[in-house]
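There are 2 protein chains.
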Amino acid sequence: MTAGATVDSGFQTWKVTLSYDGTDFRGWQVQPGERTIQGELQDALGRITGETPLPQGSGRTDAGVHALAQVASFALRAPIPPENLHRALNRTLPSSIRILDARTMPSGFHARHSAISKIYEYRVWEEKRECVDICPPFLARYVCACPWSLDREKLDAAAAAFLGEHDFASFAASDPDLTTRKEATARDEDVPDDIGPRSALRTIFASAWETQQNETGNLLVYRVRGDGFLHHMVRNLVGTMIEVGRGALKSTEIPAIISARSRSAAGPTAPARGLFLHSVQYE
Amino acid sequence: MTAGATVDSGFQTWKVTLSYDGTDFRGWQVQPGERTIQGELQDALGRITGETPLPQGSGRTDAGVHALAQVASFALRAPIPPENLHRALNRTLPSSIRILDARTMPSGFHARHSAISKIYEYRVWEEKRECVDICPPFLARYVCACPWSLDREKLDAAAAAFLGEHDFASFAASDPDLTTRKEATARDEDVPDDIGPRSALRTIFASAWETQQNETGNLLVYRVRGDGFLHHMVRNLVGTMIEVGRGALKSTEIPAIISARSRSAAGPTAPARGLFLHSVQYE
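In the order they appear, the protein sequences are chains A and B. Sequential numbering from 0 applies to the first sequence in numbering that gives the first Met the number 0. Sequential numbering from 0 applies to the second sequence in numbering that gives the first Met the number 0.
In short, the hints are calculated from the structure, not lab data. Note that the structure is predicted; figures quoted are calculated from it, not measured. Where a beta carbon is used, it is the ideal one built from N, C-alpha and C, also for glycine. Hints are supplied without guarantee of correctness; some may be wrong.
Ranges between beta-carbon positions, derived for each pair [to be verified]:
1) Ala68(A) - Arg262(B): 37 to 45 angstroms
2) Asp150(B) - Pro270(A): 56 to 64 angstroms
3) Thr103(A) - Thr251(B): 47 to 55 angstroms
4) Ala205(B) - Arg76(A): 52 to 60 angstroms
5) Thr51(B) - Leu53(A): 50 to 58 angstroms
6) Gly32(A) - Gly163(B): 55 to 63 angstroms
7) Gln30(B) - Pro78(A): 47 to 55 angstroms
8) Asp23(A) - Thr202(B): 53 to 61 angstroms
9) Thr48(A) - Gln30(B): 40 to 48 angstroms
Modelling step: build the complete structure from the supplied sequences, incorporating the hints.
Okay, structure coming up:
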């Protein structure tokens, strides 16, 4: 159901902004027999309004990935004041999914098609005392605990090397079943339809690290804004930057890694639990 | 097995300080077929040393209660450098339980008997916008999300009313099976043996609120230090203070609530997820 096709038949287009702890979900997308964010939101809408539109996310997040402000759109026939839908959704959803905002939109709005850029955040916990593994249990679900000490200057140089427009094929999931698996998995996670699933050209507008905290260790936060991201792309960028930060790779090798257009040229995939969809930008 | 009885037979007494996210555990104490902190620690010791002493905690924490720095003691025959046991435990335990420190102690040390006081912390999330229920999903496991706005001056007055030595029977779990249930549940959660399980006299040395954070809401943190706490006592103190903070009860009524020595005189029990064992003090 698209917003454009339904406006004449009395449907109202909605935009909701939501935050979730992805630890206990099998990602965004509805899957039979699995707990997913999209599925929980659809169920909640059904319980509140009797209508069960499939909410369209700005992009899919994988199992274990979190969101600070994901955006979803859907259309409802029921007339309901935004404040009431907002409150009812938060009363119905589990506490690990929270609606931050709910509003009606012009019928052309679509959470994915209308997005102009997105920001992802990746959190790395760097141990102060190596080899003792004391990542606070209250952070463990939300960071990649890194056993190495990382050089901030090297991380910064690596982050800068990704800026601009590049073919990011070296950082896309190298799934052997890519061409045969169901569309949901095979497609890039959030590429606009007009680019097409096979192009790996993406523009990175901002890419930088920040040290946020300092207790028994450092919380290193990477934030990246781009016009789209391939499947696993942020986790692969981070896995590669960690190699640079710990001295196993030089940041000057990154241009050649990009040029290789081969997943095996880049570093490993950082774990899902450190990744947050930070926000989605619209016109 | 007590440290005193075993010192002659080649056992070494150990003290470990540990932090845990209690959400996914049935509390501290070993229970058949349930995941508990004590059970996980005993299993990890068994896998590392082949010995399975039952670690004695400074006190029991209930299902869903967390610890920033719980203390446990046990005796081991295996000679193992503290740094090695520390590292091995963190490699063996789940990421939701972390050993912060591991050291050997004189044979008389016992995590509960040797403790002179304890600090508990309770975290309340106070919504800025009432009735919308936007407690961040990354906080939801670690706070009581309070739907009312709370008056800090009233909370402070209520907290001060608990200072000193009182009979806290009005704030002890009013379990109808108290006298018949197994010792583990019937006993006060952390009363030293010499006081005896039936006395409700406790001394509170410090009791104060602090506002720690300010985003879409306020994080109100209550911290209380005492020589011992009855079962559910901190959660019952907090439940009563919330009644005062929201205006349903006056702080000047607290002395009468204490004097009543009746659970029904006090406020409700605040949920487990907001409670943290903050630290344990020894000579």
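Hints, one by one, checked against the model:
1. Ala68(A) - Arg262(B): 37 to 45 angstroms: 43 angstroms, holds
2. Asp150(B) - Pro270(A): 56 to 64 angstroms: Distance hint for Asp150(B), Pro270(A) is violated at roughly 43 angstroms.
3. Thr103(A) - Thr251(B): 47 to 55 angstroms: 49 angstroms, holds
4. Ala205(B) - Arg76(A): 52 to 60 angstroms: At 57 angstroms between Cβs, range holds.
5. Thr51(B) - Leu53(A): 50 to 58 angstroms: 51 angstroms, holds
6. Gly32(A) - Gly163(B): 55 to 63 angstroms: 57 angstroms, holds
7. Gln30(B) - Pro78(A): 47 to 55 angstroms: Roughly 51 angstroms apart at Cβ, these two residues keep to the hinted range, so it holds.
8. Asp23(A) - Thr202(B): 53 to 61 angstroms: 41 angstroms, violated
9. Thr48(A) - Gln30(B): 40 to 48 angstroms: 43 angstroms, holds
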